[in-house]
Amino acid sequence: MTGDMIAFEQVTCSYENQVVLKEVTFRVASRETKVIIGASGSGKTTILRLILGLLKPSAGRIFIEGQEISELDEEELIALRRKIGMVFQEGALFDSMTVGENVGYRLFEEGDLSEPEIEDRVRHLLGFVGLEEAIDMMPDELSGGMRRRVAIMRALAAVDARMMLYDEPTTGLDPMTARTICDLIRRLRDAQGVTSVMVTHQMADAFRVGDRFLAIHEGEVVFEGTAEELRQCKDERVRGFLV
Amino acid sequence: MTPAERIKGWVDEVQSLSRLAGRTGAALFQRPWYGKEMIEQMDLLGVGSLGIVILTGLFAGMALAMQFSVELASFGAKSYLGRAITVSILRELGPVLTGLMVAGRVCSGITAELGAMRVTQQIDAMRVLGTDPVKRLVLPRIVAVVVMLPILTIISDAMGVLGGFFISFFVSRMGAPIYWSEVGQAVIFQNVVGALVKPFLFGFIIAIVGCDHGLRTAGGTKGIGASTTRAVVFSSVMILVANFLLTKLLVGLFGWSA
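Keeping their order, the protein sequence lines are chains L and W.
Going by this note's numbering, the first sequence opens with residue 1, and the numbers climb by one from there.
Going by this note's numbering, the second sequence opens with residue 1, and the numbers climb by one from there.
It is worth saying that the hints were derived from the structure and are not from the lab.
Built from N, CA and C at the ideal position, the CB exists for glycine as well.
Incorrect hints may appear among the rest.
What the hints assert, rightly or not - DSS-like cross-link-like pairs, simulated, lysine-lysine; straight-line CA separation at most 25 Å: (1) K8(W) to K222(W); (2) K83(L) to K135(W); (3) K234(L) to K22(L); (4) K56(L) to K135(W); (5) K56(L) to K8(W); (6) K36(W) to K135(W).
What the hints assert, rightly or not - To give an idea of the interface, some chain W residues facing chain L are shown, with a C-beta separation under 10 Å as derived from the structure: (7) M117; (8) R127; (9) G130.
Stated by the list, open to error - Every beta carbon over 12 Å from chain L, so not counted as near; a handful from chain W, in silico: (10) G25; (11) D43; (12) L55; (13) Y80; (14) E92; (15) R105; (16) I123; (17) M126; (18) L129; (19) V146; (20) I155; (21) E182; (22) F204; (23) T229.
Work the whole structure out from these sequences, hints included.
Given below as structure tokens:
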């Protein structure tokens with residue numbers, strides 16, 4: 001487990017008598033970007049929810065930085081989540097708050113910084129993705145790509161975020177905007193050493209950002225390896241997906 | 001749906017409500033408290049309901065006065081109109097009608113808002129960003145409705161009595177001093193307690209049912225609609241049941257002959 005940021009050991013997850021994940025085992029090393037691919041409903045997003053403790057596994061163990069999280073209560077999970085940033089599908093921005101309030105949400109909640117300090121930090125983060133002028137806009141005034149970029153910055157505003165989870169961050173975006181998002185994910189890894197897990201079924205984007213890949217089929221891991229190994233993979237369930 | 005499934009559904013519902021009530025009770029004694037959010041909710045849910053509450057009280061009081069005026073006249077007891085209206089409104093009509101009207105407006109609003117946040121993953125985002133949704137979303141709404149519903153009920157009661165006066169004065173041609181003197185006779189400790197205790201409980205029912213259904217919403221926009229309908233029906237039925245039980249308790253407590 002040493003050096004692994006995330007480790008799943010024989011994790012099974014089911015809800016309402018339906019098994020969503022079956023004995024899933026994998027690891028994510030520090031500063032690695034792992035891409036999880038698979039068809040819709042294969043259990044990809046469930047893995048992200050398990051990492052965050054939003055769901056509890058029915059069996060198996062999950063480790064984050066060596067700490068087993070399966071049995072933690074909500075208070076302990078809140079402390080754990082301070083290390084993890086999550087970008088939801090469609091962004092999940094708070095629609096009653098401005099872009100600035102969304103990005104600065106956790107800083108306002110923690111209350112350690114003054115309002116001008118928070119605004120400075122928010123402006124800096126929004127400047128990083130070219131959205132400084134959108135600080136007073138409401139989420140429904142933003143395009144899909146802008147919403148995803150704001151969502152990434154909101155997740156990053158967590159002072160000590162060392163891990164980022166992305167749930168289909170490029171789905172539904174035009175190729176240019178998708179490329180911008182992928183470049184941003186790569187910049188975060190290279191410049192800030194962030195460990196990432198990205199769930200997607202956009203293979204071009206997966207190859208653009210991924211160091212290692214995990215393929216899920218009907219809740220089971222059917223492949224784990226590098227981009228080259230993925231391209232060479234003979235398993236029909238994986239090949240069908242690549243085509 | 002089979003009867004067994006229906007019963008299981010109701011048991012699940014009560015279990016979920018109890019769990020949320022327990023977590024909310026614990027949140028009451030833990031920081032952070034969202035005072036600003038509570039004030040905002042009091043304005044939105046309480047002050048925002050003022051219009052319908054005034055209209056409800058006024059028209060209920062007027063209708064009641066018309067009915068009572070006819071019946072009391074046949075016994076030669078029309079002079080007791082003020083007392084009959086005040087007692088009916090303070091003990092029953094005011095709290096129940098206000099509770100039901102606020103359930104329709106506020107419970108549905110809470111469920112729809114939290115339900116929309118749930119299906120767009122905003123609740124999950126909040127948890128991921130280190131905020132407990134029970135503290136940030138549920139507790140302020142419960143405090144707001146529990147504080148505001150008794151105030152709204154007092155306003156509704158006052159409007160009901162005033163509505164009764166309009167009918168007694170302009171339709172039944174009764175003198176104002178007789179009416180108001182009888183109203184004064186009815187505003188006694190037992191009746192006022194009844195008028196104020198019920199809204200606290202009804203307010204809690206409205207807010208907890210709204211929040212619970214909102215937080216358990218699933219299935220997109222269709223799910224929000226279904227959740228909202230269920231929440232309003234469930235809270236209205238619970239208000240009527242709780243009203244009966246509370247009335248039974250008050251009758252026993254104050255020794256009113258049933």
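Now for the hints, and whether the structure bears them out:
1. K8(W) to K222(W): 23 Å, holds
2. K83(L) to K135(W): 21 Å, holds
3. K234(L) to K22(L): 22 Å, holds
4. K56(L) to K135(W): 22 Å, holds
5. K56(L) to K8(W): With Cα atoms ~24 Å apart, K56(L) and K8(W) stay inside 25 Å; holds.
6. K36(W) to K135(W): Cα-Cα ~13 Å, so holds.
7. M117: At 8 Å from the nearest chain L Cβ, M117(W) passes the 10 Å test, so the hint holds.
8. R127: 6 Å, holds
9. G130: With Cβ-Cβ at 5 Å, under 10 Å, it holds.
10. G25: Nearest chain L Cβ is 15 Å from G25(W), so the label holds.
11. D43: Correct as stated: the minimum Cβ-Cβ distance to chain L is 14 Å, above 12 Å.
12. L55: 29 Å, holds
13. Y80: 52 Å, holds
14. E92: 38 Å, holds
15. R105: Holds, because the least Cβ-Cβ distance between R105(W) and chain L comes to about 19 Å, which exceeds 12 Å.
16. I123: 9 Å, violated
17. M126: Its Cβ does come within 12 Å of chain L, the nearest being 8 Å, so this is violated.
18. L129: With a cut-off of 12 Å, L129(W) comes too close to chain L, as the shortest Cβ separation is near 5 Å.
19. V146: 23 Å, holds
20. I155: 28 Å, holds
21. E182: 49 Å, holds
22. F204: Correct as stated: the minimum Cβ-Cβ distance to chain L is 23 Å, above 12 Å.
23. T229: 22 Å, holds
Consistency with the previously given hints fails for numbers 16, 17, 18, ordered from lowest to highest.
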